[in-house]
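A.B. asks: Residue-level listing of the chains:
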Amino acid sequence: MFARMLTTALLAMTAESLLFSGGAGFSRVLRAARRPRSILPYSLFVTLFSLGSAGAGVLLKPHLAGDRGEFLRPAAYAAAAALMYLAAAWLLHRFAPAFYGRNEGPLALSALNTVVVAMPWVQRIFGFGLSQTVGYALGTGVSFFLASLVLSRAGKTCSNPDMPEAFSGLPAELIYVGILSLAFTGFTGGRVF
Amino acid sequence: MRMKLRSALPPFVRTEESVPAMLGTTAFALCALLVIPTVRFGARPLVMAAVSVLTGLLCELLFELLRGHVPSVGEASFAVTGLVTAMLVPVNAPLWLPCAACAFGVLTVKMPFGGFGRSPFNPAAAGIAFATVCWPKLMFSYLDPSEPFSLPPFADAAVKSAQSPAAVLKSGLKPDILPLDLLWGTAAGPLGTTAALVIGACALLLFARRAARWEITVCFLGACALLAALFPRIACSPMTSVKYELLTGSLLFCSVFMVTDPGTSPHTFPAGCLYGAFAGAALMVFRHFGAYEQGACFAVLLANAAAPVLEYAAERLRGQAPPLGAAKQGTAYGREGRIHES
Amino acid sequence: MNRDRLHLRETGAIFRNGAFFRNPVLVGALGLYPAAAGAFGLKNAAVLALLFALTAFPSQILMCLFGMFLPKWARPAAALLATAACFLPASAAARALMPRTVAGLGLTAGLTACNSVLYSRAAEYAPEHILPAVVADAAGCSVGFAGAVCAVASLRELWTAGGLFGMGSGGAGAGGDLPFAGFVLMGFLAAAVRWADIRRSRRGVLPPSGRAG
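Protein chains in written order, with our numbering: chain A, 1 to 193; chain B, 1001 to 1342; chain C, 2001 to 2213.
It is possible that some hints are incorrect.
[As the list claims (entries may be wrong)] Computed list of lysine to aspartate or glutamate pairs in DMTMM-like fashion (alpha-carbon distance at most 20 Å, straight line): (1) B:1174 with B:1156; (2) C:2072 with A:104; (3) B:1160 with B:1144; (4) B:1243 with B:1181; (5) A:156 with B:1315; (6) B:1174 with B:1144.
[Claimed, not checked] Selected chain A positions facing chain C (in silico; Cβ < 10 Å): (7) 14; (8) 26; (9) 86; (10) 93; (11) 95; (12) 107; (13) 162; (14) 179.
In short, the hints are calculated from the structure, not lab data.
In this text, all values refer to a predicted model and were calculated from it rather than measured experimentally.
The beta-carbon is built from N, C-alpha and C at its ideal position, and this holds for glycine as well.
Chain A on its own, in the form it takes in the complex (with noise of 0.2 Å):
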């Protein structure tokens, strides 16, 4: 179970992961990058509320089926997203006011995101039993966790004085986060998602 686990977790950050093969959560990633010091909590909060997305989508899957369950799929696992964010916003203003007020900002846009609410779909996906959702979700905060280390790092080459001005900034993050990956497009040599 173990293995499987952490089987699972190397691939979420290599060939299955949903950020570098999958295009998805860069947007956060790249605002996490800007404040060096959100990196830890903002991958912390992803890989919890990835985890209990993850638990919704299987807790919502009896529901769920047929036509109308794919109808009501997108807005059901976002809904589910939104009332973890909720419950964890509401027990943290409540019982742990300044580590909420310090991390406000990270724990709301790591709640609700693309990465998060993608999880019940690549558990359908992929066929994920309990100890390789654990994995999956362990494995894409670390992916969150590197692409944001990588990023924060990378600011300084984005953005320099030789650089063409229309270049600087955001365009060359883009033009980074596509080389990044394709870089890892090695593992997986077409679409994965």
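Add chains B and C to chain A, keeping to what the hints say.
C.D. replies: Then chains B and C, alone, in the frame of chain A:
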């Protein structure tokens, strides 16, 4: 009196070697790799290298024109990019293939970031990765050197193709060529990556002239050898696995000409060692689990992305860098060199 | 309600900013996922743009009217719930118009429910601005998003298939449908938008004062 240091662009040289001299040495070494293929295949390798270099030059000039600058080329990095790109494609590939790869590398990875010394990724690695993803059949269709062939210098020709030893290893089988026979460049493979002995001689030249850093190559090869011995892809002894892994594909070429790129590798010794080991491990992971028979270019791109992080990690370990996100006011850390407060 | 009340004549500026100069994808770095993962054909881009537009208007109007009554810590969740609820009729409309394309998009279409552009406009912009500004912003962002994904999709489809709307007879090479192609193209398009903005400011045309977030 406080010391004021100027920031500098990579590569950071400490000797009388200048950047043009380093690039010139590298280009000379790459040209030396063309000798054996030219003797074997005729003029086509030279034409391939020439069109690739020319494409790199034209792309740089075009970009400068679009920027509104007077087109000029300050250093010959386009020549190195063009030559490296040409070395990594099959000799029987259409001439537009290395041109497309070189154009992608220069226009997407090099010039938008400010040119040589500013690019976060090796342009040749990016170009070859792009060509591999877009035209995998053309990139891995190698001429069978044991069959009679006729390779016109400019036109495309239909030739009998053969699996490279790297492809045979990828499929879990033992290549039907002895490891030591791989030294002479007689096996099927990319244009400039099969002659292991010549690559070794080029490496010695580059290290002696300080155009490449030996610690990166040594750590790269060490990591590859260790993983090859511990996790062989075929049923054989560890030493045989090491020989096959090191001598097949573009691993050796990559260890000398790509991971040592002074513009994209870390500039301190410990970070360079970490970087080389990381790149070697990444390459072996791509060999085991990647989708293509050649994973060197993808591994180089990953290592390039990791380089600033590895450099930061090395500095943190030595106590020379602040915690993440807590840079002191007025100081800057990064691959652009250190700026101290005056 | 924002103390700096916006004048109606500034709604044109808000629309222009959302559509181009403050394009949510190419300037705001939001909504990158559908452009990278789904916009590899013009039909896909059309569906994504339609889903976006049909979700943006009702969700932002809802948050404009009711968002200010919610505590700030609950607004993000309310915004996502509003977007998810408004996604359902949008999805029904898209399925009625282009059922095969919607099915082919898979989770990319479904994840429009949590699109970061829609979420950020609903959570951060709509509760703080008056209704005409919110409508203009929704329209501008819809046009801007549609423009970005369609531009990216056209180039990728031309590369892969040699034609648009599935009418190509063979492209230059493979790989156009992979996320890396989307990100690289978005980078160049973002540079083009930045260049236009720089030229505009150098000609002495100041950026408008209308709020676009």
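A.B. asks: It remains to establish, for every hint, whether it holds in the given structure.
C.D. replies: Evaluation of the provided hints:
no.: 1; hint: B:1174 with B:1156; in the structure: 31 Å, violated
no.: 2; hint: C:2072 with A:104; in the structure: 10 Å, holds
no.: 3; hint: B:1160 with B:1144; in the structure: 6 Å, holds
no.: 4; hint: B:1243 with B:1181; in the structure: 11 Å, holds
no.: 5; hint: A:156 with B:1315; in the structure: 17 Å, holds
no.: 6; hint: B:1174 with B:1144; in the structure: 18 Å, holds
no.: 7; hint: 14; in the structure: 15 Å, violated
no.: 8; hint: 26; in the structure: 5 Å, holds
no.: 9; hint: 86; in the structure: 4 Å, holds
no.: 10; hint: 93; in the structure: 5 Å, holds
no.: 11; hint: 95; in the structure: 13 Å, violated
no.: 12; hint: 107; in the structure: 9 Å, holds
no.: 13; hint: 162; in the structure: 15 Å, violated
no.: 14; hint: 179; in the structure: 7 Å, holds
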